[in-house]
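S.K.: Sequence:
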Amino acid sequence: MDAYGDLPFPWTSLTLKAMRLARSIEHPAVFNHSMRTYLYGRFLGERQGLLPGRDYDDELLFLGCVLHDAGLSDRGDGDQRFELDGADLAAEWLTEQGVPPERAEVVWDAIALHLCRDIALRKRPEIALVTAGAGYDIGADGPALPPGYADRIHAVLPRLHGAIVGQALAKPHKAPPFTVPGELVRQATGQSWPTWRDLVNDPGWNDYDGYTGTLSGSCTSPAG
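The sequence shown runs 1321 to 1544 under our numbering.
It should be emphasised that the hints constitute simulated quantities derived from the structure, not laboratory data. Incorrect hints may have been included.
Quick list of the computed label-pair ranges, beta carbon to beta carbon [said to hold, decoys possible]: (1) Arg1374 <-> Glu1422: 14 to 22 Å; (2) Gly1373 <-> Arg1517: 19 to 27 Å; (3) Ser1344 <-> Asp1527: 47 to 55 Å; (4) Trp1331 <-> Arg1374: 15 to 23 Å; (5) Leu1371 <-> Leu1336: 21 to 29 Å; (6) Ala1490 <-> Leu1441: 43 to 51 Å; (7) Ser1333 <-> Arg1517: 52 to 60 Å; (8) Arg1374 <-> Asp1522: 47 to 55 Å; (9) Arg1343 <-> Asp1522: 41 to 49 Å; (10) Glu1422 <-> Gly1462: 50 to 58 Å; (11) Glu1416 <-> Asp1326: 16 to 24 Å.
Cβ atoms here follow ideal geometry from the backbone N, Cα and C, with glycine treated the same way.
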């Protein structure tokens, strides 16, 4: 693909179709982020000694990366959290392309778990590196890129504007409190979140006084 120069994308018939699908349904900012996610995920994998074709399936990694935010598109905008909507869309599309269920399931997991950093990073590389790459693109928390590499990437995949808040404002249930989409909406709108006491008392239990429990962990690590 001449447009991407010598950037190391794994071009196959399926990855080209997936890229075209993502580009056709997503905001350019989301598409560019998804493509950068692959490059950074691959880079972080190399820093861990993981090589494509030897330690993981490069095609599956790319599919998970390029489709990981498909739930933010109009086509993928269902009634679940966007990462689940995107995972369902990707799995359905891959099945239509004749991809075996066990391969489609890896992509589904990679997309569905990409905001659950602590869980995803303990999974197989095709899943873990989607989360790692998406997080790196947002915060660049990790090893430094080779000199000039970020400039090469951003020359063809510039950083634009996101789409999570707009979708969540239209369907508030897609951005519940204490999730990444919920936090982005809170920051954008200044709205306040309920306290733990509010949540416990809301169903009418009225037994908060003296309660010493704590919230269990949730999928709130920033990735994208």
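S.K.: With reference to the structure, classify each hint as holding or not holding.
M.R.: Evaluation of the provided hints:
1. Judged by the Cβ atoms, the range 14 to 22 Å given for Arg1374 and Glu1422 holds: they are separated by roughly 20 Å.
2. A hinted range of 19 to 27 Å for the beta carbons of Gly1373 and Arg1517 is inconsistent with their spacing of about 53 Å.
3. In this structure the supplied range 47 to 55 Å holds for Ser1344 paired with Asp1527, their Cβ-Cβ distance being about 52 Å.
4. Remark: the range hint 15 to 23 Å for Trp1331 to Arg1374 is upheld by a beta-carbon distance near 19 Å.
5. In this structure the hint that Leu1371 and Leu1336 lie 21 to 29 Å apart at CB holds, the actual value being about 22 Å.
6. A hinted range of 43 to 51 Å for the beta carbons of Ala1490 and Leu1441 is inconsistent with their spacing of about 31 Å.
7. With their beta carbons about 55 Å apart, Ser1333 and Arg1517 fall inside the hinted range of 52 to 60 Å.
8. Our hint of 47 to 55 Å for Arg1374 and Asp1522 holds, since their Cβ atoms are close to 52 Å apart.
9. A C-beta distance of roughly 42 Å is found between Arg1343 and Asp1522, which places it inside the suggested range of 41 to 49 Å.
10. Judged by the Cβ atoms, the range 50 to 58 Å given for Glu1422 and Gly1462 is violated: they are separated by roughly 30 Å.
11. In this structure the hint that Glu1416 and Asp1326 lie 16 to 24 Å apart at CB is violated, the actual value being about 32 Å.
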